[in-house]
Amino acid sequence: MAASCALLGAGAHSQEPSGTQKDDSLLDRLLEGVSFDSALAYYREDGRIQAIEPVVNVSKTFADGEVATLNVTFDSLSGASPNGALPGNVPQTFASPSGKSLTTGRHLYTIAPGQLPADPNYQDDRIAVSGNWDLPLSRLTRLSLGSKISGEDDFVSVSVNASIAQDFNDKNTTLALGLNNEFDSLRPIGGAPVPDSDYAAFDKNGNKTKDGVGVLLSLTQVMTRRWLTEFSLSWDRFHGYLNDPYKITSVLDSAGNTTGYVYESRPDERTRKSAYFENRVAFGQMSAGLSLRYMEDDWQIHSDTAQAHLHWSFANRERYLEPTVRWYRQTAAAFYTPWITTEERSSIGNQASDSRLGAFHAFTYGVKYAHKLSDAAGLAGSEFSVRLEYYQQIQDHRLAAPEPLQGLDLYPGLKAILVQFGWRF
Amino acid sequence: MRTRHFFLCFTLGVTVHMSGCAAFGVRPWDRDLMARDEMRLDANPVDAAIDEHMYFSKEASSGGRSYAGGGCGCN
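Residue numbers (numbering that gives the first Met the number 0), protein chains in the order written: chain S, 0 to 424; chain R, 0 to 74.
Pulled out of the complex, with its shape left as it was, chain R reads as follows (with noise of 0.2 Å):
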């Protein structure tokens, strides 16, 4: 069941980006709104690893977007 949600999640990502990459887009002179400090997906790299630190501290799973990492946790 789990597995298959995976699988599922997998699918619909790459469908969606791999219909993406060639279909969507914008021209340079359209990146306005990206350029903006928040559309960056690292816009707030402080608060995400102390939240990140927080949540591998009392959690089963960490990383996701960057390597989930070993660590101690020993609390």
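Excised from the complex, chain S in its bound form (with noise of 0.2 Å):
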């Protein structure tokens, strides 16, 4: 049968002409094996920053078992962002980080009392590019080496990735070694700023960098015919500077009054570990999928995460929902505080009052729709969607506010929602 159509189907083309006929084959030849992924995603915070990131994945699988694969995010940020100053019950004056005095110049803003200080002239986009080679070693083994570049306008990163993968037991068990390696080059607007030196003095010399490698190590394991299951270990160590140059942190008097601010002091090194146990459950129509995360690190941050889904395939298999709900919490950094005092200010050492820093728990709860197109409509095999999420990030980490910031927000959250169209074929 096969045959007798491919014997057909050589007959159609034998009377087209010849051009048409090689500009075919060779875009048939280019396309066999292409798989397309694309997506559009809005996200924006309640009164921050907004994002619009497009992202094209695109991979080809080779008649040998290579597979290559192409991705490339652009992302455009603006917005209002938190400098990690408290809000206060006076009106509070900052300058943009181009700016180099807090009294005159075009960069500065004013903050009303009560209000969380955001820069409100944010503005990034990012552009990164990354490449994957997969090649089968042996029928069992399989080595991937990538690389990704990722540049926006204050800061540039390269990587470089290997893993080998073995598969054993009939296929049903798979052992992964990766490492990764990272280059980051930053150069913060205005420079970047001395650690722990006066926010008023615009004491900034030059450009920056950090590094940092990592390991992963994974098992994976078809438990039966209907549960697939992984667990992972990471380990990863990034060594520079690894402060967020744009983060100040408030100065109290021994009364509660603003006196000034700094910037954060992190310190130059972080070593993360983690474990990741991922399940993958079908039944009927539906799967299911739950994940958890264990993460510590050398600043005293440990963190869990849970996230759940259900993915219902409908009317043939041609449409699907997909509602998830995740959880995730975190302690805080060692070196984390929401202000520091006057009496501080000469011995505290490591200080950061970026919130993310903090102890928080998070929600996102999530919901995919996507719609398989039938061979009628010309785009056999192509699958919309479109993704909603809603996140939303509650503070834990409350200290008692001093008597002049009493009523006002200090730990505000975050919310924020997602809303993505995707096309895929």
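Please keep in mind that the hints were generated in silico from the structure rather than gathered at the bench. Hints are not guaranteed to be accurate.
[Claimed, not checked] In the DSSO-like style, the derived pairs of lysine-lysine whose C-alpha atoms are separated by at most 30 Å in a straight line are:
#: 1; chain 1: R; residue 1: 57; chain 2: S; residue 2: 367
#: 2; chain 1: S; residue 1: 367; chain 2: S; residue 2: 99
#: 3; chain 1: R; residue 1: 57; chain 2: S; residue 2: 203
#: 4; chain 1: S; residue 1: 99; chain 2: S; residue 2: 207
#: 5; chain 1: S; residue 1: 99; chain 2: S; residue 2: 203
#: 6; chain 1: S; residue 1: 59; chain 2: S; residue 2: 203
#: 7; chain 1: S; residue 1: 207; chain 2: R; residue 2: 57
#: 8; chain 1: S; residue 1: 272; chain 2: S; residue 2: 207
#: 9; chain 1: S; residue 1: 272; chain 2: R; residue 2: 57
#: 10; chain 1: S; residue 1: 147; chain 2: S; residue 2: 207
#: 11; chain 1: S; residue 1: 59; chain 2: S; residue 2: 170
#: 12; chain 1: S; residue 1: 272; chain 2: S; residue 2: 414
#: 13; chain 1: S; residue 1: 170; chain 2: S; residue 2: 272
#: 14; chain 1: S; residue 1: 367; chain 2: S; residue 2: 414
#: 15; chain 1: S; residue 1: 414; chain 2: R; residue 2: 57
#: 16; chain 1: S; residue 1: 367; chain 2: S; residue 2: 59
#: 17; chain 1: S; residue 1: 147; chain 2: S; residue 2: 272
#: 18; chain 1: R; residue 1: 57; chain 2: S; residue 2: 99
#: 19; chain 1: R; residue 1: 57; chain 2: S; residue 2: 147
Starting from two chains that each stand alone, build the complex the way the hints lay out.
Spelled out as structure tokens, the structure:
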């Protein structure tokens, strides 16, 4: 039957001009084994940052089993980025990163009493390109080589990675070991501030670097006909300038009044360890996923993450609905503090008021709907999807507010939505 | 306490997997459900990357089943 179709196909092509036939066959050959995955995501925080992120992911599987993947991601972020200072009971004036003074210049912004200090002029664009080459070394062994380059106005990152995977037990078990090496260059707008320096002194000195290495060991196991599981351990270590160059910490006097600000000062090394456990279970037209992650680092941050989703196929598996829920919590870094006092100023050592280093818990609720087009639409195999997510972060680290700041929301948390449209074939 | 959790998680995972390697698994002709797209652990890599970028920028943890990465996340 297949041979008959091939013969009929050859006959049909033979009536076309020879140039067209050659082009079609070249195009067919190029597209053979190609899969295309794309998305346009819109992310918006309540009163803060918003981002638009288009992503294109193309992969091609060759006849010998090699797989080449190329991913291009673009982000455009804008809005108001919290600078780390506390809300005040009087107006507070700050300078955008390119500013040189807190009294003159066009880079100043003033925050009204009770409002969270945030730079209203935040703008950043990022483009990231990554490639991966996956090749079989034998029937049971695969080698994967990858690289990623990411560039922003003030940050460039280059990473390379390699992993090897070995199948066992009739390909029911896969053991993989991977290594990753990353090199980052920070070119903060206005220069990299000296950690712990006085914000008003504008003590900045050029560009900085950081680099890291990571190891990932994972074991994937087909447990039963319906149950797939994976367990991973990872370790990574980063070294260099690990500060967020745009974050400051309020300095309060003994009465609780804000007397100034200092740039944050994080340790220049960080080592993280994590364990990750993921499961997929199929039943009827549905499948479910459950993942658990535990992470700890030498900044004394510990985190737990649990994520579950349900995949419900219907309409002859041409459509599916995928609700997701995620829960996350973390403890605070040892040096996290919402503010410092003038007495602590000279002796505190590392400090940062960045709420991302504080103790908080967070929830994500999401749903995805996808529709696979049938042959009749002329886009056979295409899948269109829309995904919605709501993310909420609630801070748990709550020191009693000093007298002048009582009644102000010092721990506002975060609410965000994500809307994503996807197309793949 | 936390370190104990880490080792408990590690021990549980290793126990399940090591006992599973020999005792679990299916024959090739029983992989019909495993062949479904949604049963792949990386079934939606673009969704996962967008989520990971969001969490990396807003939380102190990243990675787990992939490399953690340093990144900037300066917002």
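Check each numbered hint against the structure and report the violated ones by number, ascending. Numbers 2 and 6, in rising order.
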